[in-house]
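Here is how the chains run, residue by residue.
Protein chains: 2
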Amino acid sequence: MSTTQLTLAEIFSIAQDALTQAGANKENADAVANTVMRAERDGSHSHGLFRIPGYAASLQSGKVNGNADPKLHSRTAVALHCDGDLGYAPLAHQRCLESLAEAAHENGVAVLSITRTHHFAALWPETEALAERGLTAISCVSYMPSVAPFGAAKPLYGTNPLSFAWPRPDAPPLVFDMATAAMAMGDVQIAARDDRPVPLGTGLDENGEPTTAPAEIIKGMLLPFGGHKGSHIAMMIELLAGPLVGETASFASKERDNGDGGPPQGGQFILAMSPEILSGGVWQAQSKEFLKRLGALDGVRLPAERRYRNRHDKGPREINNALLDKISASSR
Amino acid sequence: MSTTQLTLAEIFSIAQDALTQAGANKENADAVANTVMRAERDGSHSHGLFRIPGYAASLQSGKVNGNADPKLHSRTAVALHCDGDLGYAPLAHQRCLESLAEAAHENGVAVLSITRTHHFAALWPETEALAERGLTAISCVSYMPSVAPFGAAKPLYGTNPLSFAWPRPDAPPLVFDMATAAMAMGDVQIAARDDRPVPLGTGLDENGEPTTAPAEIIKGMLLPFGGHKGSHIAMMIELLAGPLVGETASFASKERDNGDGGPPQGGQFILAMSPEILSGGVWQAQSKEFLKRLGALDGVRLPAERRYRNRHDKGPREINNALLDKISASSR
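Quick note, the sequences are listed as chains A and B, same order.
Numbering follows our numbering, in which position 135 of the first sequence is assigned residue number 163; successive positions increment by one, without gaps.
Numbering follows our numbering, in which position 296 of the second sequence is assigned residue number 324; successive positions increment by one, without gaps.
A hint or two may mislead.
A pair holds if it fits inside one copy or across any two, identical chains being indistinguishable in the list.
List time: in silico SDA-like cross-link candidates among lysine to any residue, alpha-carbon distance up to 25 Å [unchecked claim]:
(1) Lys182 with Arg123
(2) Lys354 with His101
(3) Lys282 with Val328
(4) Lys54 with Glu134
(5) Lys54 with Val226
(6) Lys282 with Gly327
(7) Lys316 with Ala157
(8) Lys320 with His256
(9) Lys247 with Val328
(10) Lys354 with Asp215
(11) Lys342 with Arg123
(12) Lys54 with Pro197
(13) Lys54 with Arg335
(14) Lys282 with Arg329
(15) Lys99 with Ile246
(16) Lys320 with Pro227
(17) Lys91 with Val310
(18) Lys282 with Gly309
(19) Lys99 with Glu134
(20) Lys182 with Gly255
No wet-lab data here; the hints were simulated from the structure.
Just chain A, with the same shape it has in the complex:
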């Protein structure tokens, strides 16, 4: 596989140029390029430059508004709403997360519901940002039906990621961000591109039969992680990121979509809570001792540790040349 070494600034520029050429204004392009650069920085390739062709396609088709002007309004002091104006999600986050954090710090808990948005990134940027402000955060989005509910052989759920972040006064936040599919579709796509099999249980082919071929799963469907229990979590996310916030579930997001290959319109649920208020000020010692014991167990790796390790590396990243060619082609 031939690759090119690119600095993080170069990765940002490639993303920014591609998005601008595809029709985004500077503010929207910069917000997306920043999440793409940070994904590559942290080693999260399936959310990095790999996504640019999809981002560009939906700007070019006109499905996504490259001049989006997302607006925050407060339904109550703790129920914030952001109309994403049909743009990509990162600019909405840039404009609204600080207000969510303030509401949670003041009241103990607050929710940001985002509608009319197109989310095509990881979720940890949102939850990590809140945890860096001393809050615990939970966020989820749905997508388009690609996961069969447990027991079924027809997709209804999106890959429906869930992210949780927990503040640590003396360390970066503890964060997990995981698809509730057995594998994220981005990772299945990368396996298909690299012609690698995936574990049995990852998905079914279009006839509902188990397979290890990623290309067959892309034509067929994924399975939820963890059997019926994981399927319950995926169902919960459909409801939280869809109807609860005033948006569609995956099935309807797909029906509305124009099939341009980019992300559908959907909703996002973001919950922020203040451990300081909810615990009456006594959370820190117990949190620290619990995480110390967890981290000390043989065989345990705390979530996000690998991302933080990658982040310390300020050097260039290896980027697949075929991907760079695809990006050049996609934004023309």
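Using the hints, position chain B against chain A.
Here is chain B on its own, set in the frame of chain A:
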């Protein structure tokens, strides 16, 4: 297995008598007996009379306060706290859930953190009650270390159940309530009592080796459901039901416990949200259509359906005679 047919009123009385004889006052005994009766009514045997010997043991040892007087106070308009006064959780719920519902209806979201409580029941009574009031609810508790984090061979997590409830204007709430262990300890205990093997992956023996013998798992440890992803959910619950609400994680709950066989002191996290407010009033049509499609899939059973079906049966329940003997003995 010899059994006796008992009406729900008789089940309530047996529980109430046992709790009263073990030292609970009427208000505390009635609140617990009501959750025990409702568990048997719904076919949830592992949370029914099966728990009475444990409930009685902790009243008799003095660990649990049979005269508990749980008190609600508002840290903010949406951050409610209940000091459980070292009693069993049901009386705290009886006194506080209505206020939580009011706060969520008024503001869109509210949290009830319960401390100094002993939770030994299912979680669906709390979440279902909130969803019956038109709210979506999430609740969790931790317990004592019996689950090894993914990759480890030493228990640190409790069985850490998570419950989610979603209101349906034209049907009873959609509710799931599941241990984040591969199997609830109550079910492992029932399998051990009945001498039935459990599926591989349920747990490890005390040397950290896989086994299907429930008695070996009870001496050893359970595993989380769903590998590393389920393990993340179990970790999140340790933090939400422990430090976030001002209580201990499972490891510390056990260290404080007197080993009387009943439930340890711990915390409970209850989140209530108003779909009406958070969605700007537009949640119902999408929710209904999504759940219709889910329920219509071949092979899918909506969670709680079996419980609601059992609930319709107003007749007597079959109760194990050996259990009834144990209850009589336990409360003397």
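Now for the hints, and whether the structure bears them out:
For the identical chains of this complex, lysine 182 and arginine 123 are neighbours neither inside a copy (38 Å) nor across copies (44 Å), given an alpha-carbon limit of 25 Å. When the C-alpha separation of lysine 354 and histidine 101 is checked against a cutoff of 25 Å, the pair qualifies neither within a copy, at 39 Å, nor between copies, at 59 Å. Only between protomers do lysine 282 and valine 328 lie at most 25 Å apart by alpha-carbon distance; the minimum there is 21 Å, versus 38 Å within a single protomer. Proximity of lysine 54 to glutamate 134 under the C-alpha cut-off of 25 Å is found in neither arrangement, the shortest distances being 33 Å within a copy and 40 Å between copies.
Taking the shortest alpha-carbon separations for lysine 54 and valine 226, neither the intra-copy value of 39 Å nor the inter-copy value of 58 Å comes in at or below 25 Å. Within a single copy, lysine 282 and glycine 327 get their C-alpha atoms only as close as 40 Å, which misses the 25 Å cut-off; across copies the closest is 23 Å, which meets it. Taking the shortest alpha-carbon separations for lysine 316 and alanine 157, only the intra-copy value of 20 Å comes in at or below 25 Å, while the best inter-copy value is 34 Å. When the C-alpha separation of lysine 320 and histidine 256 is checked against a cutoff of 25 Å, the pair qualifies only between copies, where the shortest distance is 18 Å, while the shortest distance within a copy is 31 Å.
In this homomeric assembly, lysine 247 and valine 328 come within 25 Å of each other (Cα to Cα) only across copies, at 22 Å, whereas the closest approach inside a single copy is 35 Å. For a Cα distance limit of 25 Å, the shortest separation of lysine 354 from aspartate 215 inside one copy, 18 Å, qualifies, whereas the shortest one across copies, 53 Å, does not. In this assembly of identical chains, lysine 342 and arginine 123 lie within 25 Å of each other by CA distance neither inside one copy nor across copies; the values are 27 Å within and 55 Å between. Within a single copy, lysine 54 and proline 197 get their C-alpha atoms no closer than 35 Å, and across copies no closer than 45 Å, so neither meets the 25 Å cut-off.
In this homomeric assembly, lysine 54 and arginine 335 never come within 25 Å of each other (Cα to Cα): the closest approach is 28 Å inside a single copy and 54 Å across copies. When the C-alpha separation of lysine 282 and arginine 329 is checked against a cutoff of 25 Å, the pair qualifies only between copies, where the shortest distance is 24 Å, while the shortest distance within a copy is 36 Å. Taking the shortest Cα distances, lysine 99 and isoleucine 246 never come within 25 Å of each other, neither inside one copy (36 Å) nor across copies (54 Å). In this assembly of identical chains, lysine 320 and proline 227 lie within 25 Å of each other by CA distance neither inside one copy nor across copies; the values are 32 Å within and 32 Å between.
In the homo-oligomer, the alpha carbons of lysine 91 and valine 310 lie at most 25 Å apart only across protomers (23 Å), although the nearest pairing inside one protomer, at 48 Å, exceeds that limit. Within a single copy, lysine 282 and glycine 309 get their C-alpha atoms only as close as 45 Å, which misses the 25 Å cut-off; across copies the closest is 22 Å, which meets it. In this homomeric assembly, lysine 99 and glutamate 134 come within 25 Å of each other (Cα to Cα) both inside a single copy, at 21 Å, and across copies, at 23 Å. Taking the shortest alpha-carbon separations for lysine 182 and glycine 255, both the intra-copy value of 15 Å and the inter-copy value of 24 Å come in at or below 25 Å.
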